[in-house]
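Chemist: Once you've looked at the hints, go ahead and assemble the two chains, each given alone in its own frame, into the complex.
Sequence order for the protein chains is A and B. For reference, each letter of the first sequence is one residue, going 1 to 116 in the numbering used here. For reference, each letter of the second sequence is one residue, going 1 to 117 in the numbering used here.
Certain hints may be false.
Said to hold, decoys possible - Derived DMTMM-like pairs: lysine to aspartate or glutamate, alpha-carbon spacing no greater than 25 Å straight-line:
| no. | chain 1 | residue 1 | chain 2 | residue 2 |
| --- | --- | --- | --- | --- |
| 1 | A | 7 | A | 86 |
| 2 | B | 73 | B | 61 |
| 3 | B | 78 | B | 61 |
| 4 | B | 109 | A | 54 |
| 5 | A | 65 | A | 11 |
| 6 | B | 109 | A | 58 |
| 7 | B | 73 | A | 54 |
| 8 | B | 109 | B | 52 |
| 9 | B | 78 | A | 58 |
| 10 | B | 109 | A | 87 |
| 11 | B | 55 | B | 15 |
| 12 | B | 109 | A | 86 |
| 13 | B | 70 | A | 86 |
| 14 | B | 55 | A | 103 |
The hints are simulated quantities; they were obtained by calculation from the structure and are not laboratory data.
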Amino acid sequence: SAVISQKPSRDICQRGTSLTIQCQVDSQVTMMFWYRQQPGQSLTLIATANQGSEATYESGFVIDKFPISRPNLTFSTLTVSNMSPEDSSIYLCSVASGRGRGETQYFGPGTRLLVL
Amino acid sequence: AQTVTQSQPEMSVQEAETVTLSCTYDTSESNYYLFWYKQPPSRQMILVIRQEAYKQQNATENRFSVNFQKAAKSFSLKISDSQLGDTAMYFCAFRSYSGGGADGLTFGKGTHLIIQP
Numbered sequence: 001s002a003v004i005s006q007k008p009s010r011d012i013c014q015r016g017t018s019l020t021i022q023c024q025v026d027s028q029v030t031m032m033f034w035y036r037q038q039p040g041q042s043l044t045l046i047a048t049a050n051q052g053s054e055a056t057y058e059s060g061f062v063i064d065k066f067p068i069s070r071p072n073l074t075f076s077t078l079t080v081s082n083m084s085p086e087d088s089s090i091y092l093c094s095v096a097s098g099r100g101r102g103e104t105q106y107f108g109p110g111t112r113l114l115v116l
Numbered sequence: 001a002q003t004v005t006q007s008q009p010e011m012s013v014q015e016a017e018t019v020t021l022s023c024t025y026d027t028s029e030s031n032y033y034l035f036w037y038k039q040p041p042s043r044q045m046i047l048v049i050r051q052e053a054y055k056q057q058n059a060t061e062n063r064f065s066v067n068f069q070k071a072a073k074s075f076s077l078k079i080s081d082s083q084l085g086d087t088a089m090y091f092c093a094f095r096s097y098s099g100g101g102a103d104g105l106t107f108g109k110g111t112h113l114i115i116q117p
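Isolated chain B, as found in the complex (with noise of 0.2 Å):
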């Protein structure tokens, strides 16, 4: 079974800062995907970015960005110029891919970050 831990629960930072949240995980399996989900207080939960594990190069969308560590079983979200709608719990979570379909996500106890204005 895999598991997914994230150390912080709660950050703090002021706006424009960048901020990383961390995220580790622990599988005996090769293929797998990486998701980091943010979750704001009206509880949907809206996708940030998705990491291949067979992809070298760590994933980006525009203002968010990781650092894949794969040995390591690390996968870390950056959020630069912060802004105060980052405001939000961010899950990270690990899905097996078995090519025979999807598998359900298994999700970390989640970081709790907030923008200082």
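Isolated chain A (complex conformation) (with noise of 0.2 Å):
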């Protein structure tokens, strides 16, 4: 399994500002993954972070609302850009684990984000 950290662990923004989310992982991983969780709903995946590449957005997710970076095996950040209260949402970082078959998605603990 991989050990997952996501900064910050929660934080309430003013609509029209922007906010980066940070995530961490103790291993050197192909693939890290970003999801949204709207209150009271279940896990959209955004999109898809390979590093060295540009991020692949999910439909209805676009890069210029959600700017992801990958500058290593390790490290990813998902960036909300001109934040509305709509963007209020639990938003978590996942990495893909194991070889092969093996493979397994592991998540961070969220980013709990209020938007006012």
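Modeler: Below is the structure:
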């Protein structure tokens, strides 16, 4: 398994501002994923981040709103830009650990964001 | 695109009872993985159990086991001897396996499981 940390753990932000969330893993991983969990809802994949290439975004999510960086094999950031109250969610970082058919995805503790 | 359906928004059982959470999925792929994750009030996502589609044998992890019916596209989770600490949201998740790397997970809406003392 992988140990994943996220910063900040929570934040309260004003609309129109941006917040950058950091995700750190204790081992080198190829793929990192960012998910959003809106209040009372399930998790939705925002994008997949592969080191050395542009992130791949899921339908409904765009790079201008959720820019992602992946500078190395243990770190990634997700920025929530020009925030509105609808962006209030838990944002979770996830990594694929293990090899081939043994791969499993593990999650960080999440960042709880409230936009006023 | 894959879809995952959990038809039980909430379930409640007495401590020590056995409970089964249902999950169905839809996919045209032959190679994939299925997972059950637990999310307690702390919001941490905890892997409970995983199943590879190519394996006919059902996965088990201590008190947790699955009933994987590939033809029916069904993947239920059985919790035996339920404990108060099992109270949580349980999410069923699907991931395809393309062989070229990991893909993201598709989640069901979740089942809120309450274990009563």
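Chemist: Which hints, by number, does the structure contradict?
Modeler: 4, 7, 9, 11, 13
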